[in-house]
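Those protein sequences? They're chains R and H, same order as listed. Residues in the first sequence are numbered from 211 upward in steps of one, following this note's numbering. Residues in the second sequence are numbered from -6 upward in steps of one, following this note's numbering.
Read the hints as simulated data drawn from the structure, not as lab findings. Owing to the predicted nature of the structure, the values given are computational and were not obtained by experimental measurement. One should not assume that every hint holds.
To be verified - Simulated crosslink set (EDC-like; lysine to aspartate or glutamate; CA at most 16 Å straight-line):
| hint | chain 1 | residue 1 | chain 2 | residue 2 |
| --- | --- | --- | --- | --- |
| 1 | H | K515 | R | E650 |
| 2 | R | K230 | H | E134 |
| 3 | H | K474 | R | E268 |
As the list claims (entries may be wrong) - Pulled a few chain R residues facing chain H out of the computed Cβ check, cut under 8 Å:
| hint | residue |
| --- | --- |
| 4 | K232 |
| 5 | R236 |
| 6 | D240 |
| 7 | V242 |
| 8 | N255 |
| 9 | P258 |
| 10 | F263 |
Idealized CB from N, CA, C, for every residue including glycine.
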Amino acid sequence: YAKLSTHGCISYVVFRFQMKVKVLSRNPDDYVRETKLDIQRVPRNYDPSLHPFEVSREYTRALNATKLERVFAKPFLASLDGHRDGVNCLAKHTQSLSTLLSGSCDGELKVWDLTKRECVRTLQAHEGFIRGVVVRYCGTSFFTVGDDKTIKQWTMETPGYGEEEEPLNTILGKTVFTGLDHHQNKSVFATCGQQVDIWDEQRSSPIRSFSWGVDSFSSIRFNPVETDLLGSCASDRSIILYDMRESTPLKKVVMTMRSNTLCWNPMEAFHFTCANEDYNLYTYDMRFLEKPIKVHMDHVSAVLDVDYSPTGQEFVSASFDKTIRIFPKNDGHSREVYHTKRMQHVICVKWSSDSKYILSGSDEMNIRLWKANAAEKLGVLSHREREAANYSQKLKEKFQHHPQIRRIARHRHLPKIFSFYRFGFSSTKPGSVPVLSEKEKHVVSVVK
Amino acid sequence: MKSKATFTDSHVEKKIKVKRPSVRYWNEPQKEDKSRDGENTGEAAVQQDRRAKKRKQKDETSAEKKLFSEKSDPFPGSAPIPKDRLQKFKRKDKITKPPRHYRKLKQVITRSEEASDLALKQAARFDLLLPEDAGFLEGDEDEDTCTISQEDIAEAVDITSGAKYFNLKLTQFGPYRVDYSKTGRQLLLGGRRGHLACFDWQTKQLMCEINVMESISDVKWLHTDSMFAVAQKQWLYVYDSNGIELHCIRKFNDVLRMQFLPYHFLLATASATSFLQYLDVSTGKEVAAICTKTGRLDVMCQNPHNAIIHLGHSNGTVTLWSPNQKEALVKMLCHQGGVRSVAVDKMGNYMVTSGMDKKLKVFDIRALKPLTSYFLPAGASCLSLSQRGLLSAATGDVVQVYRDVWSTPVTKPYMAHRVRGSVWGLQFCPFEDVLGVGHGEGFTSMLVPGAGEPNFDGLDANPYRSAKQRQEWEVKALLEKIQPELISLDPTDLGRVDRATFEQRHQEKVQSLGFDPHAKEKFVPKFKKKGRSSAGAVERRKKQVAHVDQRDVIRKSVEDKVKMEEQQKRKEAKKAALSRRKSALDRFKK
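Required output: the full structure, derived from the provided sequences and hints.
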C-alpha cells in the first residue's frame, strides 16, 4: 500500500492511515541543460516576494546606466577637411543619406560621401561667398546662390573625365542673394536678399516678390508640411511669414533682437524655431505670434543656425560661442552640448535625415560629423543588446529626477568661460524692475 | 438573408424599404442596376446594411465573431485572471488622475499605468505556468499531523526526497550552528568546540572539514558558496570553501551572532561587547560600528524585506537597527524577562519572538503592534521561519513546526520531532522542504512538507546553476549592490516623491525670484470681435471664471467635509458595536 514515486512524477502518495504527503522533489533534468550545445535554462518566477528591494536595486541599476552613459558618451565621429575657407552653408541630399553638400566662403562647393568620409567632387560655384545651397526634391540637381548675384543650378552627376563643371542654368539677379530654399514637391524655389523672391525653375525672373519695409533678409525656409508657406528672418528684427499663393506677406513678429535663421518643425505644421542674436532660440506657433511657445536658453553667444531632427522632437543649434547644442522641442534648456578645442564659431548645422547624426560646419574650414545621441552604440545591435539598451533607457527615465542621477547625467566638461556667462552679474536692484516672464520679454510687436 | 430575398422578390407586396445609411463621399458609389431583379438589389442592400453595422460596432462584433466553420467562440476574449493572483503581483494602487488642464502629465500617467497594468497581467498569467507545486502533509481524520514521525514521511515519499531526512552523529564537538547557502545547496556546520564543515547536503559531498582549535559561536555563508564567515573566540574569520583562511578581521571581536544581507553585501555582526558592526564584504571595509549599550548581544535576526537588523535583549526588548543611525530605529518591549529568539518573515510583515517568560509572540512589524501570544510550556530557544511562512521553534530537544501562526490561533503544532541533544541552531533550507537542526549530538535534516518555495527564480538564486552562471550572477549582483545608505524601514521610500524637499525648494525659489513661477496664470479675457469685448462683457467673463474657481474650492471643501463625517460615523459605529458586546460583568449593572 505504499507507492514509491520516481522523481516528482507522482504528486503525492497515500500511506498507511490515509496520510497524504508531498515533498518538493525536483527533477534536475528539468533545470539543467541537456548538452553543452544548448543554452542554459533559466526558470523564472516573478513573484515580488522573491525579489526584495525592487526599488533600490532598480535605482542602483539606473545609477550604473547613467554612469556608463557618461563613460560611453563619445559623440565626435569624424572631421571632413578640405575646404580652404570657412564653411558657410550645408545641404542634405534629399534622396541619399550618405551625400552632403557644403559651400564655403571662397565660393567653392564640395560634395561629400559620408560613409567613406571623403570629398567626391569639388567645384568653384561662385565668386565670393556661397550664401546658400539646396538640393532639388528629386535629388538630381541642386541650386546655389552666391555673393556674385547669381543663382546657379547644377547637376548632381559628376562630369566625366576632361569635361568642365558647367551649371545647368544660371540666373543673374539684380541684388545679392543671402538665402535659398526649394519647394517640397514643385519646381519652385525661393531666395531672399533685399526682398523675398519666388522663382519658377523654368523662368529667369521671379514669379513673385515680397517686401515689407525691410532692406534685407538673412534666411528663408519653406514649410515642409504646409508646403506653400514660407518663413523668413529680416534684418529689422522681424520674422515674416508668407503664403506663396498670395501676393502679400501674411504677418510678422518683431523681436528685441535679430533672428539669424529659422527652421520649421517637420512634424508640426504650425511650429517653427528661430535662432536669435540674443543667445536664445524661440519656438513659435505661427497662429499665435504674441508669445513664443518656448524660449530655449543655454548658448552664451549669438545663435547662428538651427535644424530640426526629422522626428520633430528635437533640434540642434549652432552658435558663435563655438558649440552646438541639442534641445528637446519643449524644453527650455539643452540636453546636450558638443564642442571641441579646435572647433571655432559654428556657422551652419544639419540633422541627418535618418535622425542619427549631426553635421556642423564651422569657421575653421572643417565639417564635423557627430552622433545625435552621444552614448549610442552604432552599427547593428543584437537582440539582447537592444533589450538591455531599452531597459537601461527606461530606468534612466524613471529615476531621472533623483539628485544623484541628475547630477551625473547633466555633468559636462565645458570651458570655464561658459560658467562665467551663465552666472553673470545682475546690475539691477531686486524689485526695481517689474517681473516679466521670459516668454513675454522678447516680443516687441506682431503686425498682420 | 434568404427570407429577405424572397420578400423583395414578390411583385404584389409593398416594397419593403431597407433603411440605408446616408451616402458618404468616402463610401464607394453604389452601383444599383434597377432593371435587374429584386434579389440582387436586396443582397446589395443587406450587404450595405451589414457594412454599416460593422462600422457602428466594431469591437462589439469581435466578441461574437463567427469562425470560418460558422461556429461561434464560446469563450470570447482573453482568459480571465483570478483576482487573488492579480493581487499577488500588485505593487500599488492607481493614482488619482490630475485635473484636465495638466494634459501632458495626465498622458504620462495614463501611459505608465497602461504599461504597468500589462506587466501585472502578464506576470499573473505567467504564474499559471510555474512547473512545481508546494508540498503538503495531511493526516487521517482525527489524526494529528504532528504525530506522524519523520521515518514514516521519509518512507512514504520518493527516494530522493526520503534521502533528505538524515542524521549526522557528531558527538565530539557539538552543539552545532547551521547555515544554508542562499541557493540552498550548500550546508555549513560550525561546532561549538571548533569543528567546521561545509558540504553539498543533497549529494553529501564534503567540501571541507577543519577544526579551528577555538570556540565557534556562529557561522554564515557570504554571497557565494565559496566563502563563509566564522565568528570565533576572539576574531572574525573568513574561509573559502576549501577551508583556507582568507581573512582574519581584527576589527570584529567577540562576535556572537552574524547576519548576511545578500543584496547589500553586508555582514552584520553582534558582539558580546554590545557592538553591532557592519562589514562590506565586497570592499572589505567596516561600514558602521554601533555601540548599542545593551549588554551581550546573542539574539539577532534580519528583516529580509528591508535589511533592518533586529536585536533581542535580556531586558525583554527588541531593537531595530540600520547602519545609518547610531540610535535604534525602534525599541519594543516584547517580553517580561529576556528575549531568547527573534525571527522575521520573508515579506517583512510579521515578527515572531520568544522569551524567558515562555511565551511566543507574533507582532505586526509594520504597525509595531502585537498580534497574538502563545504560551509554550518549555519556552522556545530557537526560532526560524520558512519561505512559505512555517515557524519552527525548538524547545529543549524537541523541534516543533507551526503553521499560520499569524492568521489563525494555533493550538497544535503542524509537526514535531525529537532530536538527540538540545537544539542550538535551526534553519529552513531555501527552496526545499527541509529543516536543518544543529544540536548537541550533531545535525539532523528534517522533512517539513510545505516549507520551501517551490519555484525559484533562475536569475536570483538558482540551485541548479552552472559555474558559468554563478560567475555571471556574481558580476551582476556586485554591479547592483545596494548602498548601505539606502537601508530604511520602508524600502519603497526611494520610489516616492519627496514632497517636503520640493516644497522647501519652491519656497526658496519664490523668495529669490519675488514671485511664484508655478502660480496659476491670471485669466486675461481674449479679445472678441463684433462688440463682444465691451468693458461690461469683459467684466462678466472675468466674473464667470472667478465663479468657476470659487465653485471648485467650495466643492472640494464640501467633499472633504463629507469624507470626514463618514469617517467619524464609521468610527462611532465601530465603537458602538464594541460597547454593545456583553461582558461577564454586565449582569451586575442595573
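Outcome of the hint check:
no. : hint            : result
1   : H:K515 / R:E650 : holds, 14 Å
2   : R:K230 / H:E134 : holds, 11 Å
3   : H:K474 / R:E268 : holds, 10 Å
4   : K232            : holds, 5 Å
5   : R236            : holds, 7 Å
6   : D240            : holds, 7 Å
7   : V242            : holds, 5 Å
8   : N255            : holds, 4 Å
9   : P258            : holds, 6 Å
10  : F263            : holds, 5 Å
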